[in-house]
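Participant: Chain residues, written in single-letter form:
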Amino acid sequence: MAIVAMGGEGGGVLADWAVDLAEHKGYWAQATSVPGVAQRTGSTIYYLEFMENDGSGREPILSTMPTPGEVDIVLASELMEAGRAVFRGLVTPDVTTLITSTNRMYSMQEKTAMGDGRISSEEIMQSCEAASKRFIGEDFAKIAEESGTVISASLFGALASSGALPWTKEEFAAAVERSGVGVAASLKAFERSFEIAKAPKVAKSAPVSIEIGKRPEEPKPAGLTPQEELALINDPASGVGPALRDLAARVKSDFPEPVRVMLVHGIKRCAEYQDVKYASHYLDRLNRIKDRDEAIGDGRYRLLTEVARYTALWMTYEDTIRVADLKARRRRFDRVRKEAKANDNQITQVREFFHPGVEEITDTLPGPIGRAILKSNYATRIIERVTKDGLRLHTTSLYGYLLLYTLSRLRPLRRRSLRFSLEQNRIDTWLDQIFDTANEDYNLAVEIAETANVIKGYGDTHKNGLNNFNAIMREVNLLRAKKDSGAASHIASLRQAALADESGAKLRALLSTSA
Amino acid sequence: MTITDNPDPMRKDPIATILSSCVGCGLCGEAAHAAVLCPSFYRTEVISNPSIWDKLKLNIRKSVISILQNGIDKRLAKIEAYA
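Chains as they are written, first to last, in this note's numbering: chain A, 1 to 515; chain B, 1 to 83.
Okay, chain A solo, but in the shape it has when bound (with noise of 0.2 Å):
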């Protein structure tokens, strides 16, 4: 039996409790381990190895290292560690029962990707399914969480259940029971996890679909039921306030229905982060495309979608008084001392962490200030100097707070701020590219408005993304000058080198190449 899982996961544990239940019914058992370190740094492996007692007295010599193909039981606690189990050849569909969690901790590779890198879990649970003789894959970790303890408990409870090992359930408590050590919430964890491995043993019929135990919940996206979408889509008005009603009608009465919700947002970010006339002007900066849309599209208005997201999320740009607008709130302060668990004896002080640099200060200025700021060297480096270390705000002061308070009431100010007029001119400049491919190209067109999502971030981290849409942009041009066929999957394949990594080097090796 191999026990794979992470430093910290009780997995040394779950290996004793295994040896002293195999020695208790008189078995030899020998368990060696690889340890590591916490998190996903420090993979850990423990085999062990059980062998009926001949009672001649002879002692066996069992084997140290697991042999690809006689492993019998593989008990995972995390789903990619599991995929490794199979990767390495432990998990055969002749012997191997494979128990693992679906929990995922993620890679550094998948954490550090700047769009969204995770591997989808399907895939590594079809492949489990496919290299194992019998599969059990439950959230192990989420039971474990709910009962106070560490997943070794309720690994140890499904192979209780899963009958892979020839004693009874009351055997294997019994263990946990000697142990001594944090008996009661692990028992509790244990009785779960029996109970939801528990299923009929069915062979394995079709590839594909994991028919052993309950079907493993994904996470839900954040979002929508179907049920509130579909209200949203007949009544817009039902999804906002008073003050957008007129704008919840137009988008009702002007715009088609699978746009509906993603319209509703859009409006309703566009009000919240400057005024109403703002959210009016971003519906009118749609008409036209979803004229053009409704025109040569096929009905599913992919165009008008992912425009009408990505232009409320480029006009909702992140600035100084947004964010602070955003850390002024009462629901993010209930939110933070819910987080700190601090009850009603306990008093909650909060540390906003600030770093604002010279151009987060320009942005906010009017125009032909901001500018003269920036032209100026000695006032770059005045404010250079004062702003070096960043600023640690006690926003639950009264000074702290009224700061951020002043800050979040600049909005007035925003509209002739230099920054506003920047990004409203880069915007227009985009729609238009947009609209005008639409015609020639409408898979294109939808491609430049997904590249909009390669401008994120804050100070250097948006400019980088800035010069990569802007190197994009260029591209697309020579693409549509070529009337090349290809360009939409091309600009796609740049789109992702983009946010491969950081220096861009990615997605200046495929220009390059292109041009």
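These are computed hints drawn from the structure, not numbers from a lab.
Hints should not be assumed to be uniformly reliable.
What the hints assert, rightly or not - No farther apart than 30 Å at their CA atoms in a straight line, the calculated lysine-lysine pairs in the DSSO-like style are these:
1. B:K74 <-> B:K62
2. B:K55 <-> A:K341
3. A:K252 <-> B:K78
For this one, chain A is given, so just place chain B on it according to the hints.
Facilitator: Below, chain B alone, put in the same frame as chain A:
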């Protein structure tokens, strides 16, 4: 620190989040602060057994901050619908 689904209905990419196993070392915040990456980081301090002076400060702060926050909520109520 890991990633999770984006709570923003208009965005598709995952966001960073801190797991419950966080020990509060503050390194992720310091790094993000130094590199000007993200203004979302904050440090929470919990005061147990507050003194009379602490409680007085809290009351003054709460009364002023509450009034201002009411104003913010009033503005938001005009825009959002609370289902």
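Participant: All hints, please: hold or fail.
Facilitator: Going through the hints against the structure:
no.	hint	result
1	B:K74 <-> B:K62	holds, 18 Å
2	B:K55 <-> A:K341	holds, 19 Å
3	A:K252 <-> B:K78	holds, 19 Å
In the structure shown, no violation is registered for any of the earlier numbered hints.
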